[in-house]
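Residue numbers (my numbering), protein chains in the order written: chain A, 1 to 330; chain B, 1 to 510.
These aren't lab readings, by the way, just hints derived from the structure by calculation. Idealized CB from N, CA, C, for every residue including glycine. Some clues are possibly wrong.
[Claimed, not checked] One-sided excerpt, in silico: chain A residues whose CB lies under 7 Å from chain B: (1) K64; (2) I75; (3) H208.
[Stated by the list, open to error] Computed footprint of chain A on chain B, listed as stretches where at least three residues anywhere in the stretch have a Cβ under 8 Å from a Cβ of chain A: (4) 171-184; (5) 403-412.
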Amino acid sequence: MKIITRSAVSGVASALVLGTALSLTPKDASAAWEPKKPVDFVIMAGKGGGADKMARLMQSVIEKHNLSSKPFVPINKPGGSGAEALIHLKGTSGANKDHTVMVTLNSFYTTPMRQPGLGVDISTFAPIGRMAEDTFLLWVHKDSGINSVTDFVSAAKAKGNNWIMAGTGKGQEDQLLTDFLNRAYGLNMKYVPFKGGGRVAKELAGKHADSTVNNPSEQLGFYEAGTTRPLAAFTPNRLELFGDAPTFKELGEDFVYFMQRSVVGAPGMSGEAEAYYRRVFAQVYASDEWQDYMKKKSLYGGFLTGQRLKDYWLRERDIHQKMLKEIGEI
Amino acid sequence: MEIINLLADGFLIVFQPLYLAIIIGGVTLGLFIGAMPGLGSVNGVAILLPMTFLMEEQAPGSAIIFLAAIYYGAMYGGAISSIMLGIPGASTAVATTFDGRPLALKGLADQALVAAATASFIGGTISVLLFTGFAPPLAKVALSFGAPEEFALMMLAFATFIGLGGDDISKTFFSIFIGLVLSAVGLDIISGQPRLIFFDIPGFFHGVNFLVLAIGIYGIGEMLWTIESSRGDVQLSKATVSVRRIIDNIVRMKETTKAMVMGSFLGYFVGILPAAGATPGSLMAYGVAKTMSKDPDSFGKGNLIGVAAPEAANNAASTGSMLPMLTLGIPGSPTTAILLGGMVIWGLEPGPRLFIEEKEFVWGLIASLYAANLFALLVNIAFIPALIWVLRTPFTILAPSIFVLCVIGGYAPTQDMHDVWLMLLFGVVAYLLRKLDYPMAPAVLAIVLGPLAEASLRQSLIINHGSPMIFFERPISGPLIGIAILLFFMPLFKALKSRLTSSRAAQERS
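This is chain B alone, in the form it adopts within the complex (with noise of 0.2 Å):
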């Protein structure tokens, strides 16, 4: 058992006091980063790379650990400000803000805070795990993915959120639209051509920042609802806290651990395939876990199976987009890139090579990752009295501040007040939507996956003479678009059972 005996190498390593420490202060320094909305795990390790330098001189190896620590903590932190404010901490946690804000206004934040903390901790472990044991051959996987694959996959994404009962399909098909219509500004990326900017404003040049959209929405626009139907009640969330609480809540896990498994399992996948990374696999993992539920209707208004699947699934994903930045030398997300140019400055060359001849760095990392899960989750954990506390403040207070958080969200990207003036009109045009019960969750999807979708199927559609038979024909695609065409027509199978269901019993009737 060679990897057990390099996996016990690495946790000496990190059982070291300075390595420790450096990963408790990595986790939780990103528990924070990712709790600020706008600032993800892309922006703190970004900022803080050229800190490194320094540690990297005194502790060999422990730069990297710290910036994985902080990519972590920023995973677990991203469910913080999703759960308690509506607004999306980082783009990854989007999917949490879904279920995670109805509990919360339901008085059960505590409750919706412990599950995304354990379901972090369930798919960090589980993800670790299939690391340590299946590194080469999942790096494999990753390569043989190509455009067509992608495509099928991001179809099998759209198709789970639209296969789904309960919502109005006119309905989702028009909020996929739009995510869709606002995902092509920008660049063109085929032709490298600039398209649809509106007005000839320069800030369109970088498209429309999906941040710019979730924050407008979930951000402004889930204020601009509390307003009206709060009706002056200043004391919006009852909720309480104690350890009896928490450790019975804990305890509650039990019910979603098909979902945590699922999206563990699916945000790993997700996550090893370039260019895909954590966002589109929390997103999945929702929309998986809907369609597998039996009570689909309850999703987004506090199930919490809707909180546990996508944060199992977006800590997953993040050390699955290690693999192939670790074995193949590609990033499987923005931090990882950030975090290839870091090796590449402290003289590691990532690579097929990589796990040979560093092994001491890479099983150090390994081990760090275990450790740095297991930090987290206590961090966490620890913080959420005090996060209840907060919550328990006056909605009048409460509101401005999320506003002032929103505007620094919009800004903090790209730092263009472009994007801020069209965050405050999407929040806008987001509560005029959902008035009309209109679902905005499809059109977040379509704005995440619809560059990528775009991309791989005009890739694919080019290599094959235009030809979409290339879908169908290859071993990998062929399959999953055979389930996403199935998913698709769902809503109408389930349509026309109820209508004979519906006859047949007014038959009997008469």
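Extracted from the complex, chain A is given alone in its bound form (with noise of 0.2 Å):
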């Protein structure tokens, strides 16, 4: 019982820091807006991927922190590359559109397009935060005996088909990068899909790949303990995390490609709802947990909210459109 006291007291307390905090920010009118029912947290991937692992963590900040005063339930709507769980956000009505939010990916571009049945418009959605950009690295093998970029195009083209890229789902995020590959160094490897990053990881440890374009946290522990090397990062600067990879802008290629983590409100969401959540998140971004969380897992990205999250998305669907029609996905 102590224990469980102690920590309300503590957890009080940081939330009256962060409460403070807030209050030095302009408050809009909207403030008195609060949710009257537990929130629907809608995760657009499976239990375990690494979009689940930051809603958790979106999750126990809020809680920890007090910073909703009704619960975030998460449900995984993992269906179809995320077109479940964009039909259930258009599908809200009444209180529950007030009620749903979403923790999206890429496939939040590239899903309505791959499948334009589903008649979903991402503009419609309500642009709450955007909590960072995760990046993307080159990796193989360390007992390949590749060093650089320029020795991965010779091994192969060496290999030419028979070069195996795992990746996640086809069209989506990982696929672009191969095609990427392929173009730009004359390359043809052979993608492989598998079910979510860690597999992916996993597949280049045991040697069934011989490459893989996995985010920072899914290669870490494999990184540390040597078995696998990053070779050229997909950033515009270099990581801190793996300084020794040049970016693919130093070696020539001007390619750049991040992977959105982001928070998205139903279709047709109230304005007041809408400033609640931006509230929450925006706060989520600035706690400790988060930061150390970007830090760790060498996430880009600032918090990005309103009109020029809307104008992103925009930016970032017309540059995901080009690049599917040039893989002839759509």
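Both chains come to you apart, so use the hints to assemble them.
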């Protein structure tokens, strides 16, 4: 009992600290709105994946600092590359519109394009917050003896269609990056889809694949154990964690690619509710836990919300449309 | 003996009163979560994860111990509703239903419950010992399993279900195909496109949840069957219980030693493979136990071994699936996937270096698994009298309660009414098929293993330019697939043999 009380006190205390921090910023008129029932916290991906882990971290931060008067209840809806989640949000009605938010990733752009039958228009979703942008690197096994992109290109050229690039689902981020590498360096790597980035990382560590384009969080364990090696990053600048790996930009290829980690609200969410969730997630973003996580996982990106987030989506959507057209997925 | 020193240090942490209380609380909570249909260890761990934040601040390392205790408790608890109500309490306990339920209907529920608890304890203990002694080399085994090896293993699992005497082979195949078709609904993982979305109903996007089928068959279908066969008899189970009986039951477990040991090793091994988890492990253990048995016909009708083997396996697998999580950072089951997320939040980096850098954490966790096992056994046995009392409830009260639990169980995993309707439909269909003597266990096996088998088959074929030779050429998958093929043809050999002997007998007579 003692434990609970003491932690409750510290919880309240930290909420107070955050509360005072927040009151320094001008409050908008809609500050009065509060959720009237538990909030559906939809996760557009399966349990245990990158998006899921982040969603559960956000939920924990909300709970720990008492950021919401009603609990956030996570539900995973990974079906149809997120189609199920998008339809669920689109189909909310009445009070549910103000009580449904979703953690989303780049399938937010690609799934509606690849499945036009869904009739989902992402510009109708409420822009609550972009929490981070995940980065990508090109990875090989240490035993391959490959130390640079030049080595990689000659090895992959020699193996031709027998060079195996493991990645997540077809038409998703990993395949877009594989396609970029194939075109930029005249390669013919074979793309083999697996379920989830963790599984992809394991395929490389077990030498069942020749290369991958994992996020840092997925390869970190193997990298630290000295099993795998990053060759280059798909980022504008070198990543602190992998200082030896150049960017593709440095190597003369103007290619940068990120995975968004954002929170969106159901289409038709009221302005007051949207403002409420923006405040909640701005506080999550500012929390020590989130900042620490971003640093540890080599995540990019500042907090974006409102019109700026919407503009960002539309820009990213156009880029993805172009890429999907190039690989013949749409 | 560095390991023994490290383990002793671990025990010193675990034997502090606060940690002991956390373990006992965790296994008891897990027991109830596991016993509730539709709520498995995944849900329990996911729901309680945010709570562990406060815990971790007070007592470092206690959060994962708490969650692991819940995981363990749920593995024990899953068997309870499988045996008592015929509804698998968790996906990992489906195989326990096959023989646990018939035993309960014969008035031997206490025997089945004791068997489940004892086997869980044996499975848990053997696997923790394996974990203690051989974690790093076993992690290497897990890494060496690629797509072709995984497919060969899946084929072996299917083969154990087909290659058994007794059941009508064509009906077994039919049942497997139903399961395979249902497992194909939803997302095609290779192309990333939705498929088999019947009537454009959005609920099919997430596929047919395995529990929806299992609860339909074993909950609703079984209930309809009981209503028909009981003919108005309201007192179904004449189970009694006494301390004497419980002790006798524990002594009787000697008969199942071989099955429990087999289940423990098999479950542990399947558990350490990424993506497999405890459900395939327990189903495979059931199949192997039936194949090994001298009396395979008694399976499905209340054979104690049919309870012991899968229960030993699912506990062993739950320990096993922690191995790739801790050493490789890859979860072996959905529950460990969430535990993995938790570790990251608490500031622990799972991966090959965890064993070196976080010795105290790792060995504290391992020591807590020994303790969790022991307490789960004691708590479970202590509850048996109360459970038997519940079972003596008249069927007129029990049936509506089972129905409500089924609906909750169908709804809870996805929170979608679509799954409840689907579950009711499966229940009615399963009841009709049962009247026609179709075995339903193979359909359950197929819906669990179908997606794994499909993905690994297609990945292997892509890697090898469409040639199936890849399965025969590799050192691990080759022998596995060879055994699978032999098992597939076993019914044919058996049929030939029996025809030969009968024709010879006919000749002798003439």
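Hints, one by one, checked against the model:
no. : hint    : in the structure
1   : K64     : holds (5 Å)
2   : I75     : holds (6 Å)
3   : H208    : holds (4 Å)
4   : 171-184 : violated (count 0)
5   : 403-412 : violated (count 0)
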